[in-house]
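Chemist: Taken in sequence, the protein lines are chains X and W. When the first sequence is numbered by numbering that gives the first Met the number 0, its final residue is 294 and no position is left out of the sequence of numbers. When the second sequence is numbered by numbering that gives the first Met the number 0, its final residue is 294 and no position is left out of the sequence of numbers.
No lab work stands behind these hints, which were simulated from the structure alone. A few of these clues could be false.
As the list claims (entries may be wrong) - In silico EDC-like cross-links for lysine to aspartate or glutamate, where the CA-CA straight-line distance does not exceed 16 Å:
hint : chain 1 : residue 1 : chain 2 : residue 2
1    : W       : K151      : W       : E108
2    : X       : K288      : W       : D188
3    : W       : K8        : X       : D208
4    : X       : K8        : W       : E209
5    : W       : K100      : W       : E3
Residue strings, one per chain:
2 protein chains.
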Amino acid sequence: MPGEFDFIKWIRSQQSKSPLVQLPAGDDLAVLKWDASDLLLVGVDQVLDGTHFDSAIHSPCAIGRKAMNRNLSDCAAMACLPAAALATSALPKGTSLDYAKELYLGMKEAADLFDCALVGGDTASWPHPLTLTVTILGRSAGIQPITRSGAKPGDFIYVTGPLGGSILGRHMNFEPRIQLARSIAKTGDIHAMIDISDGLSRDLRHICDESGVGALLYSEEIPIHRDAFELFRRDHISPLEHALHDGEDHELLFASPSGLSGTKVIGRFVAGDSIQMLTKEGLVPVDPKGWEHQL
Amino acid sequence: MPGEFDFIKWIRSQQSKSPLVQLPAGDDLAVLKWDASDLLLVGVDQVLDGTHFDSAIHSPCAIGRKAMNRNLSDCAAMACLPAAALATSALPKGTSLDYAKELYLGMKEAADLFDCALVGGDTASWPHPLTLTVTILGRSAGIQPITRSGAKPGDFIYVTGPLGGSILGRHMNFEPRIQLARSIAKTGDIHAMIDISDGLSRDLRHICDESGVGALLYSEEIPIHRDAFELFRRDHISPLEHALHDGEDHELLFASPSGLSGTKVIGRFVAGDSIQMLTKEGLVPVDPKGWEHQL
């Protein structure tokens, strides 16, 4: 019967070389040499069977990729480069070694696209559904990290792509906007940024709360994904509602006083703390309805 | 009903100041300033309800403490200082905010003892048992990390305390041997080290495999914890067997050619790859029987 140590042995055979890594996975801790000029950014994000994916439908490779991409998208939100990652899995009893390897390869495939080294992790099995947790280390690499807290009244509200209906499949297969984040951050004119994981209304709320500002959205400018229209045909919730409140789009939402090509202005930050939307019928309040885990 | 964001808001109010932390938890990633003279050590370890603890018996504070201490013990094994940690929890639906806070405070209490800052994490809820994952960042702080791979034939095998029977309670309440690890590592005479989490027989096997050596244990020198005797009265498995194979002692096992005070020699590393034990009846092979997660 395959066990934890067979899996660890296989993982060690898979490791990519990285100039950052002095001692890779296999010891109690991995040892990295951190460049003195780089700030170290660090975060963690988990995916749970039945909540963030459905193991009856999604392949282990797709699950692994999503777990990694959520963390890479956090790097995009801060405009840093992914440097290293660690993977932790709680595998249902009876999981085959092949399934565990596919999970790992899904993570590795996503990480390799950004030269992000998988340097360690933890694996265990239990008689419950799959959980997969990725820790990400990013490096500032010459660009000051963009936080949620710098938006100013008058800044334009930008979004990098169409929103809504990610549940139809895009939530498993999105592209972390790292290059785009780096290129717009290089302008030096980005005041605040976040990736849309909880939904536009909720993630905009996060920026407003951290920055001490309010926001005015232009309903007709919000780019709506065709998936939101498809969902509307099924649930009769308007495509705009889906674009406002659905989670896991993983587009970037940011504040800038400047005009920027290749991205879309959907409103302005304003003084105060309320979020409103300008529609044909006038101003309406926007309440956060995006994703929140209830305890 | 309390949700994820109430919990996150509370966590942010709890954060300790650290010179390392430029931007604490609350953004997409935390931002740290890493000292150029420090190597960065990183690892992750999870605890699962029913496997590493029993939520019907153990308090959330004790569960949080164990999750953190397992990671702090990995720092001890490498002789580094804990610097920062991230906490990820999958909470059963219906978990109260108070319970979640106690989990966090258990982790924080353990981390604070070593000035280790909790800088981020992820929390979600689901209709399954509790999982808690801690990522640890350690810094070398003037001492070259000790790996598993440097043991040489002739080195003494040392252990820092009595072994066996941790299941009676010590597995929830052990002390990470960080100061001791640092003080012995400072001698410059430690060739390899590990913390005993999987059991003496299995963790010694790890050192032997990584170092390309074998080992000879002296059965009469292995320090046996009184808990191993207590277990023997219940299960009729000898105290020595418990000391050899039980997991989660979290004492340090290390290789050194020198005599070191305050620790216990239990054998010698030898050429070859076999692990044997010298008993009154002569040499007997020691097979790893410690803890391994079966997939």
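Chemist: Under the criterion that the straight-line Cα-Cα distance not exceed 16 Å, is the pair K8(W), D208(X) satisfied?
Modeler: 12 Å, holds
Chemist: Below or equal to 16 Å on CA atoms is what counts here, so check K100(W) against E3(W).
Modeler: Measuring from Cα to Cα gives roughly 12 Å; hence the hint holds.
Chemist: Tell me if the straight-line CA distance from K8(X) to E209(W) falls inside 16 Å.
Modeler: Given pair K8(X), E209(W) holds - Cα atoms ~12 Å apart, limit 16 Å.
Chemist: CA of K288(X) to CA of D188(W), is that 16 Å or under?
Modeler: This hinted pair is violated, its Cα atoms lying about 59 Å apart.
Chemist: Sort out whether E108(W) lies within 16 Å of K151(W), counting only the CA atoms.
Modeler: 38 Å, violated
When the structure is compared with the earlier hints, violations turn up for hints 1 and 2 and for no others.
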